[in-house]
Structure formats: C-alpha cells, structure tokens
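*Asks:* In case you want the letters, here they are:
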Amino acid sequence: MSDVTVEVMEKKLVTNQRPTDAIVGESPLHHADLASIASQGPQEGGVHFCEHKLLGLLTLRCVPLPQQQEEIESLLGVALPMAPLTSVTKDDTSIGKVSVRWVGPDEWLIIVPGDEAFDLETRFFETLSGHFSLVNISGGSTVFDVSGDQVVSMLKKSIPVDLHIREFPVGKVVSTIFAKSGAIVCRLGENQFELVVRRSFADYLWLWVQDASREYGLVVKTS
Amino acid sequence: MSQRNRLQNGGRIDRSKSLTFTYNGKLLKGYAGDTLASALLANGVDIVGRSFKYSRPRGIVAAGAEEPNAIMQVGATEATQIPNVRATQQSLYDGLVAGTTNGWPSVETDLMEYVGKIGGKMMPPGFYYKTFMFPQSLWGTYESYIRKAAGLGRAPQDTDPDIYDKMNQHCDVMIVGAGPAGLVAALTAARAGARVIIADEQNEFGGSLLSSTETLDGKPAAEWIASVVQELASFDDVMMLTHSQVNGYHDHNFLTIQQHCTDQFADRAPNGQIAQRLHRVRAKWVVLATGAHERPLVYGNNDVPGCMVANAVSTYINRYGVAPGIDLVLMTSNDNAYRTALDWHDAGRNVVAVVDSRKNPQGTLVDAARERGISILVGSGVIEAHGSKRVTSVSIAPLNDAGDAVVGAIVKMKADTVATSGGWSPVIHLSCHTGARPVWNDAILGFTPGATVQKQLTAGAINGSFTTANALNEGLSAACEALSHLNLTKPDVSLPATQDIEEGEAMALFHIPHTKPTSKAPKQFVDYQNDVTAAGIELACREGFESIEHVKRYTAMGFGTDQGKLGNINGMAIAAKTLNQTIPQTGTTIFRPNYTPVTFGAIVGRDCGALFDPKRYTAMHSWHVEHGAKFEDVGLWKRPWYYPQGQETMQESLNRECLAVRESAGILDASTLGKIDIQGKDAREFLGRVYSNAWAKLAVGKCRYGLMCGEDGMVFDDGVTSCLAENHFLMTTTTGGAAHVLEWLEIYHQTEWPEMEVYFTSVTDHWATMTISGPNSRKLLEKLTDYDVSKDNMAFMDWKPMTVAGVPARVFRISFTGELSFEINVQANYGLHVWKALFEHGKAFNLTPYGTETMHILRAEKGFIIAGQDTDGSVHPFDLGMSWAVSMQKPFSFIGKRGMQREDCVRADRKQLVGLKTIDPNVVLPEGAQGVLDPKASIPMPMVGHVTSSYWSANLNRSVAMGFVKGGLDKMGERVFYPLVDGRVVEAEICSPVFLDPKGERQHV
Amino acid sequence: MFYIYCPHCCEHREEEEFHAAGQAHIPRPLDPDACTDKEWGEYMYFRKNPRGIHHELWVHSAGCRKFFNITRDTQTYEIKEVYKIGEKPSVVANAVEVQNSHTQNSSKTPLENTLESQSGATL
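Protein chains in written order, with the UniProt record's numbering: chain A, 1 to 223; chain B, 1 to 1005; chain C, 1 to 123.
Misleading hints may appear alongside valid ones.
Across the chosen pairs, the derived CB separations fall in these ranges [unchecked claim]:
#1 Pro891(B) with Leu65(A): 26 to 32 Å
#2 Gly868(B) with Leu65(A): 52 to 58 Å
#3 Thr222(A) with Glu752(B): 46 to 52 Å
#4 Ala79(B) with His52(A): 38 to 44 Å
#5 Pro935(B) with Gly41(C): 34 to 40 Å
#6 Val92(C) with Met972(B): 54 to 60 Å
#7 Gly736(B) with Ala22(A): 33 to 39 Å
#8 Lys180(A) with Pro891(B): 42 to 48 Å
#9 Arg166(A) with Glu549(B): 44 to 50 Å
#10 Cys10(C) with Lys11(A): 30 to 36 Å
#11 Lys11(A) with Leu659(B): 40 to 46 Å
Calculated directly from the structure, the hints in this document are not laboratory data. Cβ coordinates follow ideal geometry from the N, Cα and C atoms, glycine included.
I would like the entire structure built from these sequences, with the hints used as guidance.
*Replies:* See the structure below:
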C-alpha cells in the first residue's frame, strides 16, 4: 500500500490517520451546523462560541529528563510547560500555531494544525530518546473557544474551579469536570477560554453551553 | 377587606405602589415592600392555617424564617405551585396567589377541629407509634388521613416552566447575614481588598436595624445601612445577595445559598431569566452573623391567633407599617421586649399592660414605658389566653420568685394581641451543620456555636451579643481576624455611634405555670408546627425518654421544615426541668441542613430534561437516527439496539438481522468499546500482570482475547488487545468498563509498579469502529481496499493497516459473532464517510446494520460471554469454563491468580456457566430464572443457579440460553428445571454453551 | 463536599473531581502465591474503620489522573495532609500502626516481614 505510511520506530507504531483532502472530516459538532447558526443566528451577546475543528491533538506522556526536554523543545518549537497548570501557545513555529497544555505531571496535550500531526508524531518517534508515549487523539477530542463579557459567568455554571483572574490568570490550564462531563480549560484572555472536550460528549457540552449562555445571549462564530 | 391594620405612616413599604394579591381565593391589597405575612396582617387576616395534630386555628407569630404557622402554597398556575412557602419570607408582588396548605374544608371552619378537640387525648406524643401502627394493613388509610390533616402542601402536577440553576463561587470571606455585624464585617473585608460574598434572606440588607427605631450616629439606622450598601456595591470583588438564604454549611467551608432571583417579583420568571439560583460557595473564611430569634414564652392556649413573638410585633410596626391588633398585652422576662410596648404605644394603639415576670424591672426601656404611662404588672405572667379564632382576653397571675408556680389571684384583661419574649436564641443552625455541638451560655440563657474545625468566625447576636454596639464591634473584629489569616491589611473602619441603653438582668423563664398541673392545663404549645405541648414533653420524659434526641423523636419537636427555630430551647428547658437537670445537662439536638426548605428546582438545577445526563454519541450516530434505529443506553452511550423496518416487531427485526449476518453480511457500530493505547518497554509485561492469560509471545500484528480479574480472582472485564509494535499495544474493554479499566491500570502502575515503563492513554473517542461480519464481509471489504485481505495474508486474529474507502484504517480480524469478521477502525472524524462507503458497496451483499440486541444473540449462539451480563463479580474464569484464558505458568503472579485459588474458589460445587437447551425449543427462558434440580422439592427449593443470557435464535430456529448451574460443567446432558412465576416449569438440558459451529469453521475462512 | 489539595496540580479542587480509592498503604504482597488464604483474605478484605486519623488513597480522576494519599480525621473530616505515592504520612494516630498495618500478631510470618519492609515503599 503506497498511500499508507507505516513506521515502526522505537518499537512503536505510527500511522498516518488522515486521508487526502478529497475526503472532508466531520468534527464532533458537524451535525450542529454551526456555520448556519453563525450566519443566521444572533450577532450580539455575552457569550461567543466557536469550534476549532479538525486540529491535530496529541497526548504526550513523559517524565522528561533534561535531554528529553531539549529534544521536545526542538521538536515543538516551544519549551514544554513544566510547572503545574501552565501552558504555552506560539503562533509562528515552523509548523504553524503550536499549543502545549500541562495536563498532569507526566502528561501534556499538544495542539497543532490538523495536517501537521502525523509529521510531528513521526519526528517525535525518530528523535525523542528514552521512555515516553505519544498518542494521536485528534479524532477523540475537539476544541471549543468560548469568549465574551459573560463567559466567566457561563463557566461558573459549568466548572467548579475558581475563575477569578488572580486565581486563574491568562495561560493557566486545568483539567476539570464540566457539567457532568469534563474538559481541559485554558484561559487565553481575560474573557476568552479554550475548552478541549471529548468527541462523544461534545454534543452534550454544546447543549449545556447554549443553555448556560441563554440569559446572556449566545453568538456562534465560525473559526 | 381593607388594610385595617395598616398604619398611616412609617415602615419601609412604598404606599404609592399598591399591589393586589389573592389569598384563599380573595383579592387583597398590599404595598411594595410587604411580605405576604405583613400584607395578610395589614388586611386583618388572623387565621393562616390549622395545626398539624389538633387542627387548631393558627395565626402568624413571627416575622422571619422562624415562622412556624404561616406555611403557604404559592402559585397562580398549576405549573408554578410551590409548597411550604413561609409567608414571612415571601415578598409580595402584584398577582401573587397564595393559599393555606391545610384546613379542611377551610381554615375558618375546620371540621377537623372537632376531631382535634375530642382527639386531644387520643393523640399524645408518639401517636404515630401508638395509634396507627396496627393493623398494618390500615396504614395506607391512616396515612392519607394524617397527610390531609397535616397540610404539607402539594407539588405541582405540571412541569415547572421556570429555570433554576447553580453557580460555583469562590471567595475570601463569606458573610452570612447582613445585619449590623455582617455589614461591618463585609465593609471591613471589602476595604481590605478581600473577595467577599454577603448574603441575606431578606429583600434588603440591614437585618435587625430594619425593624428597630434605633439610631446610628444620631440618624435613622437606614441611612447608615444605605451608605454601607452603596460602598459595598462599589467593589468589584464583593457579591451582595439579597433574597438569598444560606441554607447549608458543609465541610471545608462549602456553603449553599438559595437565591430567589425573580420569584419574589412574579409567579413566573420573565423569559430567559433564572427563577432561583443555588450558589455553591467555597469560602476561605466564613463569618456567621446570623443573628438571633426571639423566644416566645409557653403558656396556656398560646397558639390562639393574636399570640405573637414580641419582636415580630415591632417588626410589623416599624418595617411594614402594620399594627397587627388593637389591645396589646406584652409578657416578658427581659428589658429588651419593652421596645414592643413602646412601638405599639407610639403607633397609637393601646398597651393594656406589660406583664413582667421579674419583681423589680429596671432599665432605660422600662423607664421609657413608665414615662408613657404604660401599666406594668411585675412578678406576674400571662397564664392563659382566651378566644378561639382570635385572642379576646388573657388571664394574668402573680408568680413565685422561680416563676414556676402561680401564687395569687387571677386577673382577666381584655386584649386581642399577646406579645411574649423569653429572651433571644442565637441562630446557631449553620454552625451545627458541620457537626459542632452548641454550648449553653447561662449569661444569655441560650446556646452559642460550639468549637469547630471549620474556618469559621461568628459575630453579633449569634454569640449572644444582642446589642447593636456589640454586633458592630464583633463584625469588625471578626473581619479583622479573617483578614489577618488571609494576610490582608486591616483597613480603617469607624463604627457608627449607638444609643446607650441600659438593660436590667433578664430572668430565666421558659414555661409559665398554670393554676392546674401542666397535664390538665389548657394546651401550652412549645412547637407550633408539630403541635408539641409542654404536657407532651413532660409525658415523654415520664415515659422514660431521657435523652433529648429521644424526646425529640418521640414528640416530633423540632422536626420537619421548622427545625425547632422557635420551640427547641423551650422544649429543652421543660425536659430539663421534668428530668430535674440543667439545660446543659439535658443537652440539645443539633440542626441539620437545610436551614429552610429548598425547592427541588434549585437542587436539580439544569441537570434535567435534555441535560439530565450526558448522552454520548458515536461518529455514525446521525446515520443510525436516519435509518430508524431504536437506541439502547449503555453507560451514557446511545447505541443502536435494532433497526426496525416497516411494521416489523422487535423480534422480526432481530430475526432478520441475525439471519443476514450469518447468511451474508451485517455491520455493527462498535465505536463505544473502550480503547486504551499502551506504550512502553514494559507494556507486554504489564499486560501479563493484569490479564489472566499469557502475553509474552503475542507477535506484532496479532490480536488476543483476555480476561481481566480482580485480586479476588473474579472476572470484571474482557476484551481484545492487539500488538501494534513490540512496545505498543491497543487494548479494548467493554463499553461500560472503559473508565474503570483505565483507572485500574493506572492504580497498579502508580501505586504498585511505578518502576515499569508504560503509559496508558484512552483513545475510545478517537477511533470510529465498525464491524462487518458474515461470510461476505471479506468480499465487501475487498471492494473498498486494495489491500490483500485474503486468509493467507490476513488470518483470523491478525490486524493490518490498510486504506478503506480512502481513509487510513486499522483493521482487526476478530469476531464476536463467530462469523468471518473485520473490525475497521478509522479516526472518528472519518467514521461516517467509511460507514457510508461500506453501504454504497454493501447492497450486493445485503449489508444489514445490526444493533446490540442482535450482537447479543449472535454471540450467545457461539457461547461468548458478556462481562457484566454473564458475570456478576462472583465468577472466576474457571467458573466460566474459560480455563483456556488462564495461564498459571506465568512467572509473575498475575492479578486474580491467588484469589481464584482460595479454598472457596476451588470447591467442586461452584456455580459454573453452561449452555441451556430447553426441551421445548420454542420456549425462551426468562433471564434471571432460578434453576432447581428437583421441581417437586418442597419450598424453599434448593436453587442451583440462574439464567444469565437467553434469546430466540433465528439461525438455529430454537431458543438458546446460558446460565449458572452448581457443578454444571460435570453435568452435561443432565436436566435442570426453571419454575417460573406464572406457574410454568421449564425443563432444560445442560449442554455446551456453543450452540453453533463448535469447531469455529465459520470464522476461520 | 471536601476541598482537596492535589499534590500534583498544587492547588485545592472540589471533591467532585476526585475518587476515593480506599485505605492507603495496603501494599500488594510481593509473593501472593506464598500467602495463606487467611493472609490473602486480610490483604483483600480487611480494612480499618478508625474514629480519627485515617490514611486514604484518592485519585484526581477528573484532573491530572494521579493517585495520592490523604490523612484525614474521620470525625471532623479535616484533611490533615496530602502526600504523594511513595511518601510517608507525617500525621499518624499511632506510629506503630502504620508500620505494621498488616501484622496483628506478635509472631510475624515471612509475608508479614516482607509487607513491613515494603510498607511505604510504593504505596
């Protein structure tokens, strides 16, 4: 099979999981037809919502030794955020926008452009030494962007962590429960948050966000 | 009816805003700023309910959360009905519809009253236990009678249209109560830059100051309140909640506040707005400034409408401009209550007399009463009120020094209102919620908050510091203490000057004696809401209930929504006296959350309707919906159950789906199976430890089925794990077990074997999984891939990477149906594309979608177990006849190995899983049916095991079943009988659970 | 509702983010096959239920997914300390108890000795 790349490096399997661009992927909120809501729905409101579709999402598990940290930094173009609950976002790396979210003491979520995931995976397995795991979860999660004057109020109905700007500054990331599901929540601005949610729960969380935003007005945007 | 008790001037009501409301079907008027209670009193409504046990008419006695009688049903429509609303806490709004919750047929003329009068003796304490216990068959009758009589209100029959939600809050200092202490504490904390939440149940801040005539800095207290409120509102980090009851104080400074957002303004919340919000607060420090409730005195017929708590009378006059009567008798054991006589007098009404139990009262307020020419009867008590629907007169008698005996002639005086005060009880309820035991304080004759491990401070009347000056001081010092813990600098706060009021010593008095013994005297109520009398408590004590907890349960004192706010201390004092103990020796019951009733709406929040529970969907869900699938809930997942066509019955659908798979090709959405990516050089060893079988030799490109057991040896999950690369595996789990299995792997890795180099990552949602199964499944797959999927290149239990319908896929040749099967995994974003492509090419093969039910039937035909259906946590692999899935030779003692070797696990007569072939092939055994070996055995028959899986097999044209039978593996060919509830006894033969293709030829093609 | 400090996330989080996983410091016997049924039963099923100081295993299931230990007063619900897997508690009801959590008799079997030497090493 010429069009399937199979690499067994570090005695692990890496496969490209994306077809050619001729086949369009369907994000977890595909059925919600957000584009129509964005064009026809309300244009003003306290909460803004958009789905960043089909990004490349990778879970890195590692307790990085100094050498590994250096290798990872050269691979990502950004240093791994080592302090708990921290993140980095860089718009202009060689592969475009790269975000890294601290998830646990040996776990990070890496977000890259969708078509960069496989290359990055491949380079990781080629380059990174020692014990680690890297798993492509691009199909398993999606990214919501919520913002607006009332976004904090909406989130206070949804997650139990303290969102005060002193306690939850820009750049902080937490994995927490979101309503009866969960999310990785990262503050991108005073009134802007990134929510990484699991595919199967995406519809529930979309319903929840709509409901929790009702009193403030919800504006759907296309990414 | 006009507002005949409304005063011309005064109060915090807005006389320019007239409101109309309906009470028991009558239209009445009130003003903005009224509570339902103050409006009812203004309109001269005396009776607001009938009592619980005796059906006696009851009136409003208090003005706040402690009101025991005025419990209303509120709501203009069926859908907006709210039971158990205290009229004293319900703000009046235009169009409010309220009614009494009891009274049958009406509160004014209640037939039950006559039963009550006769039945008084029939309903002593413990009447539930004594009267209604036997015969048990009549309990239903008794219950409906009691419930009707008790007037507990009713829930709406229609769906509540309002929105209730919850909000998580965090703060540095949570201040409960916005009276003088709370306001100063909030102001101090706010000025220091702390994040503050201050909540008060009332419609405005001010607490006791709102109902008093006191001045601060020589000006009406309202001016000081307004300035503090204004300043607090200017801080970004201060949240001010009115109409907000702090109802629960839970561990680690977690508090719940029920905020009435709109339901004090209208029957229904305006569109899109929230009716009530439950704030879930995590506070670094809590300041309880909850104030105190005045204690009424206990005397004969003290429940006749017109008998009120002294301070409540002042509140109605000063805050609401309502004087709830004409002729007042005030009975008191302290100076403070003289304010009520002064307020009544100053409102232009007649103070008949102040009846003071003390011989020689002296103090500023006593002097003020004397100056106004108010008659004061010292050393006396009101021993009895007269009247039925309203007080008409009172009997007053001199008391001895101890206040426990009448020592002189009775004087009868005309009065329509009796206000009483036995002192004040600190509102310690919240402080008790986390387990602190209250402490008796002789100086204030009340309980104060006990020692606590919470980060809790208290200020003001809750500490027994009843004067405004002390409350202000304590509010300041509590805030400063919190600030020092928070490392914040204490700001400048100057307290307003208060009036100097000297108060004489109060007398410890709870229960006014009568000329007759308590048991023969007119009823002296302690707990109005539960109809508990002084005589009842004395009886309980005499009957041997010595612990106050037992007295409470026997008499029902302090039960229910009341939680003993007015009556508890009096009840304890009476019990103490009867038991010849002090009050601290007698102890107190403690209070539980919630402080006042919370609506179910606020508890549920938005977790209702479509948001009740998450629904998890696969990437192909929309296709299933379009094709008419019926869904089954598996965990939170919505899985296609079966796909009915036309008018098919469920069984017809299943028959069609089952036959299609075995005859040609079917397809199942298997995306919900748990999937875990496992990487690391110790991954293989780890698998060997957590599965019961061997993994050392599984080659790259191969798949293997494994059983997962607990340390007790019992199977809890199963699935196929595939070797992707030497140090890389993909584990699958059951749909429902996915989260548990991942946590299981993590707990062993993190706590037992952290040295092992392995990581686990859930990829359940990442892969869309579709299983094509049936003799034509290979031909179908060949249409969509160039890859060689022949038997020679891709054998059973192989997995291969390939492109399917243009999408990179991992295809596993594993089978849960016993047919030739391919499990196609693609990244979920492309799942629907591949699924649809399969159908485009599937027509030639009658590709039939099948759901979980057909999957269950097909696997049962093959004798494959489902963990959780054929296992229940009490069966090990050998019980399942799956010894082939256990490797006792592995060097590491895998999880479950030791457990399954315990003495009990190797018994010969354990229940073992076998096939069950009914003698009548048309009979499908019910799952759960219990088997017996001798159907004629006497009851209780010795049972040998139950049916775990049972279906109609269209392929075999007979029923198939599996079940447990004691020693079943050695009983092949023997008979077992299933006596059913309908009287049938189904006979079955014990057989191999593999009903179809025992050699596995169909899947090895 | 507890407010629990996660030693990995380094901040307090709500109880709903966590799962309790039972009593802490119950190491799996190093050689299960050498255990008698009684010993295995003790390991499997017998747990303390103290009034007062108790050591518990919790997992930050909705957060960093790490297990860790809590010393908690079962009477007041105070969390006295949290500590990572492999660390020992500093707050103990009775120092001997934690060390010998499995040894109830004075005469120790070989298993009990292994348990003791292992106690606190990984759990």
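*Asks:* Starting from the hint list further up, note which numbers the structure goes against and sort them upward.
*Replies:* 2
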